[in-house]
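In the working numbering, the protein residues as written are 1 to 126.
Keep in mind that a hint or two might mislead.
Unchecked claim - 20 Å max Cα-Cα, derived SDA-like pairs, lysine to any residue: (1) 3 x 21; (2) 29 x 122; (3) 3 x 56; (4) 101 x 54; (5) 96 x 59; (6) 96 x 60; (7) 101 x 34; (8) 96 x 56; (9) 101 x 112; (10) 96 x 122.
No lab work stands behind these hints: they were computed from the structure.
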Amino acid sequence: MNKVFFHTCILIFIAIIASSIGAFLVSSKFLLNFVNISFYIALFFILIGGFLFIFQNGFFNVTIYAFQRVFGTNKKIDSLIEEVEEPVDKKERIYKTYSYKWTYPICITGIVLGLFSTLISFTILM
């Protein structure tokens with residue numbers, strides 16, 4: 001949990017710096033541009049983190065397995081050229097899960113930045 005917090009803090013810091021730089025580049029209305037850019041960055045983090053979360057839990061494993069079955073028809077020719085690989089169990093392919101250490105920090109950063117930019121837009125800019 002400590003690493004997740006550290007990675008989340010790093011991503012939030014980078015996002016705030018990027019939002020500040022982007023807002024400084026536009027000459028007028030710094031706070032409005034800062035909120036808009038930070039919200040766009042939050043949306044990007046939520047999309048990437050959500051995709052990683054779905055992929056990590058094995059949602060696309062059946063699709064990947066089907067593509068391997070359809071496009072893996074030339075394995076007989078390949079096996080004559082290369083060494084024979086051990087066959088992988090069908091259930092092992094389908095139920096395989098992945099683990100990425102940046103999934104939860106990216107999701108948390110997106111949610112925190114989204115809430116932060118929404119809170120700023122409602123309190124200060126209205």
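Tell me the hint numbers this structure goes against, listed in increasing order.
Numbers 1, 7, 10 - these are the hints that the structure violates, sorted from lowest upward.
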